[in-house]
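These are the residues of each chain, in order.
Number of protein chains: 2
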Amino acid sequence: MANLLVDERDVKFTLFEQLKVQDLCQHARYAGWNEKVFGMLLSEARKFAEKELFPLNIEGDKEGARFDQGAVYSVPGTAAAYRKFVDNGWLTASEEEAHGGQGLPQVIKSAAHEMFFAANFPFMCYANLTHDAAKLIELFGTEEQKHLYIEKMYLGDWTGTMALTEPEAGSDVGNIGLKATRNVDGTYGLVGQKIFITNGDHDFADNIVHLVLARIEGDPPGTKGLSIFIAPKVRVNADRTLGAANDVRCIGLEHKMGIKGSPTATMSFGEKGECVGYLLGQERDGIKIMFHMMNASRLAVGMWGQGICSVSYQHALKYALERKQGQSIENPDPATQVAIIEHPEIRRTLMLMKAHIEGMRGMLYFCGYAMDQVAIAGSDEDKRKWQSLVDLLIPICKAYPTEKGVEFASHAIQIYGGYGYTKDYPVEQFLRDSKVACIFEGTTGIQAIDFALRKVRMQKGEVFACFLRDMDRMVEQAAALPGWEKYTAQMQRTKTALGELPAHLALGAAEKGAHYPFLKATPFLDAFGDVVVAWFLIWSAVVAEEKLEALFQKKKLEDQESRLAFVRTNADAAFLDGKIQSARFFIANILPITDGKIAALQWGDVSALVAAEKSF
Amino acid sequence: MANLLVDERDVKFTLFEQLKVQDLCQHARYAGWNEKVFGMLLSEARKFAEKELFPLNIEGDKEGARFDQGAVYSVPGTAAAYRKFVDNGWLTASEEEAHGGQGLPQVIKSAAHEMFFAANFPFMCYANLTHDAAKLIELFGTEEQKHLYIEKMYLGDWTGTMALTEPEAGSDVGNIGLKATRNVDGTYGLVGQKIFITNGDHDFADNIVHLVLARIEGDPPGTKGLSIFIAPKVRVNADRTLGAANDVRCIGLEHKMGIKGSPTATMSFGEKGECVGYLLGQERDGIKIMFHMMNASRLAVGMWGQGICSVSYQHALKYALERKQGQSIENPDPATQVAIIEHPEIRRTLMLMKAHIEGMRGMLYFCGYAMDQVAIAGSDEDKRKWQSLVDLLIPICKAYPTEKGVEFASHAIQIYGGYGYTKDYPVEQFLRDSKVACIFEGTTGIQAIDFALRKVRMQKGEVFACFLRDMDRMVEQAAALPGWEKYTAQMQRTKTALGELPAHLALGAAEKGAHYPFLKATPFLDAFGDVVVAWFLIWSAVVAEEKLEALFQKKKLEDQESRLAFVRTNADAAFLDGKIQSARFFIANILPITDGKIAALQWGDVSALVAAEKSF
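Same order as they appear, the protein sequences are chains A and B. Read in order, the letters of the first sequence correspond to residues 11 to 626 in our numbering. Read in order, the letters of the second sequence correspond to residues 11 to 626 in our numbering.
Pulled out of the complex, with its shape left as it was, chain A reads as follows (with noise of 0.2 Å):
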């Protein structure tokens, strides 16, 4: 434990000893970093977080952004805040150098981010939606488009929101209706409200650009019909100076559970028939556009989520060392109070918790570096390659982490007991701050229906067979290892277990009917996550017990007693010892549970699409 955020002991050991990102170097495009560069960046980033972005989120609870006669205030600190973090050039910081950025590789920018995240989500929502919205920018802008906006957003000057939701379109974005008519000099007229508008409007910016998701008049309904607006807050002079106001106005913000510190606003476009509209790419490739974000928006999500167990954990971890209170197992004595981390449900909780976030902390660092290897790929086939393994990994990343969220930061409060149910320790806001993460940018519904009935069903269902054969490997090597047999078969069996799904889905669908595969989706996803964060827990315990057996042989240690005693006293060797465990605590105590909910799916129970409306 080093900080109340991130384990950055274990952020590098996942980068630079298992997933050894530090090889993306030898690829021109990052010739110019190297693992040691890349750690003290980290650092950097860890401690930018810890200091500045953390308490500002604290603070940013308690009264959160404020809507007071029309205009939105942003939490005090804010501001200056983000300006550092642009100067620090983490906004564009996985941007090409050609285009202003650091070019840093992806992978490094998520590690960065889960401690930002970690820190303060809010604050993050402001820099991530004016990168997505400025990259969309870059990506299908005119020449003038990306000359107006882009320079001005990646200098931290303006900020971007992405306006798709509205009352009657949430999860159904198809349904949108802001209606979008075609003015005689090639712009569109907006007019229509937005609802739940992340950062909509607010006060440290001179200028908002939003991108809009609206219907042409005449155009289809349903996602195919929908075109994507440029509609910045105040329209834009050729020379970059701002112009008139834009008739675009934020109405209210949503009063929410948690997430204080992000206003998230009710936006009113063209209510005097003045909403200027800039169409982005070409009429009706609206959600082809907007969804270009989608894996890096839901990637980022699903950041946080592993953000949020980590500072729960981080948190309740500390706790648990300090807090005093009941008495010793061994050797009890009314006089004498012990820390609680001494007693075992303490101790198995946080267990449980520090397992998965190591093994969840992999599977996004690497969902991440396989986004570099799409950017650095020689091949097409590589390129393909890459990309489909990262399609098929998004829906877990994103989901199964915001959902463990929920739960960590529950266990966290638990952990502190009735004080945790008190603000004057922030694990409460945690639990609050969490549940958002499983809603938006798609449900964790939607990217179970994502996962099983898109996903898993690419190229014939070759990635994903592939992706589960490429575990072997590493479940080999630690099949070769003392000790280790009981574990890897427990892994064989069940990711055998859930290579059956796609078939017995398929044959639900067929022969109980199109509703059966979206019943069972979400536990599908749920299971596949098990076993992704086992493999990634395996493979990192590979490389531990490695580099642990050359800690003792070096320090000459031979007999179990001298070794299990260096363990507890030596950091590196704790560490790495702690890796082995978590990779063995999760086998022993999830898998069989991961076992028991494919078995609930292979029932093939159709109990909930049985039961009359009536029946509920």
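These are computed hints drawn from the structure, not numbers from a lab. The reader is advised that the hints may include incorrect statements.
Since the list gives no way to pick one copy over another, a pair counts as held whenever it fits inside one copy or between any two copies.
As the list claims (entries may be wrong) - Straight-line C-alpha distance at most 35 Å; calculated DSBU-like pairs for lysine-lysine:
no. : residue 1 : residue 2
1   : Lys-22    : Lys-624
2   : Lys-46    : Lys-57
3   : Lys-496   : Lys-470
4   : Lys-433   : Lys-328
5   : Lys-433   : Lys-94
Given the structure of chain A, go ahead and fit chain B onto it with the hints provided.
What follows is chain B alone, placed relative to chain A:
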């Protein structure tokens, strides 16, 4: 679905068709009652809960109880609602008529409490604590103490509290340090602070009677050295008029995540050396006396967990029936949105909630019913038998529904989508409120230790084994019904595996050390909960199958198709069929996972204990 709190139809089914609690009326003690009157009372309770208590709860969450310049202000409307509650006889519902009570069976009070707790737990804390404090005085007080306090409390003029917790004594009750010194007149001087005192102070009663756990100077450390004292806020004259203030002061209120309507106070006793405490019972009998209310208090908190589950489900169900979003799977049409209950993922989640809620309802009511059996038992043997059943069930009745409360409130938010995360709907409040139920009256971990290390071992394990054996009768009845073999076989498989766990834990303790059963206690309790809930669901399905068949016969419906059509349109048939679907859903979707939990337990993993403290 009848209302937004609790399914009254299922409440009555569970009481009168499944458990047949009206049979209690054959006993002299309950001779004045019958099913019809019980039913009318419960309908009244539901209306009161719906119309008075629930709106007060939603309002109470906004500002909550306030502390201002030394005084505590309850939520406006509390005083009037409390008066009505008392006048309607609910405070003393299950007290004997001789003591001014209504003489209702505990199980009927429990069912009413489910409704009241679903509506407004913070409000109900006033009632519960007053009742429990008065009850302890009734059971252990001197004639003078009874004369002075009970009537005023039962009449609703004074309220009561239980003052246990101190900063260093939460779960570790034995560490209580509040000091009592003997006065020459036989009273005691109390000096010290208590924290987390529910309703420690407020503005709507003439007096507040605190029951304070304290240690008399010179008494030994640990729970054995604790005594319990009556310490009223205002001293009481012999004629029950109020005398001088008793040097009891509220220092402040906690700012909590939820249950904001309930003032959680830090209380200072004897700051000026003038707090008089009156010993209740004998010196050093404090814990014994306090624990006398423990079963009732824990059942009440479990019932609140149930209430949270129920109010979350009823809201989510209503929303799912009304909210339109997305297209039909069978007939997709972008122009037509369907109610979200048509989406399999929503239906699965609702069924998951419904099945658990119905099974837990059976479990909780049964526990109340067993308490009634203790009260009327004709022989010592009967009394012992029922009492051991209560003792066995209390930990699961407390822990399981409260854990599900957090989970299901979160599911309700998920069904509401982004709206559920806003304060425009009450579901986010349900989640915030729910969490503390897993903490107070003994955390889930404490319940698990009580279960696995004490209750399971009662009478050399015979109570536990016998309880599992007793399930067989109902399971065998189900097995004889067409289409049930697979379900009952699953139940028997899981139950058998569960039955082997006590031996496994004993062996683990012998081989791996005393920590072992503590490490496995919570997963064991959780698996036990699944099996108990499954049993109550099977039981209710057996009853429902018979009644549904009778209904079909009565309507002369022979073929499957006309029966299905009838179920879809007739409320009673839909309800009964829904009970059958609940049981099937639970067995098919949950019990295989329970098998996994048990297999994980049987693995015997101790990695969480093995891992060095530095490894975390």
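Hint by hint, here is what the structure shows:
| no. | hint | result |
| --- | --- | --- |
| 1 | Lys-22 with Lys-624 | between (55 Å within a copy, 17 Å between copies) |
| 2 | Lys-46 with Lys-57 | within (17 Å within a copy, 68 Å between copies) |
| 3 | Lys-496 with Lys-470 | both (33 Å within a copy, 33 Å between copies) |
| 4 | Lys-433 with Lys-328 | both (17 Å within a copy, 32 Å between copies) |
| 5 | Lys-433 with Lys-94 | both (29 Å within a copy, 33 Å between copies) |
The structure meets every hint from the earlier list without exception.
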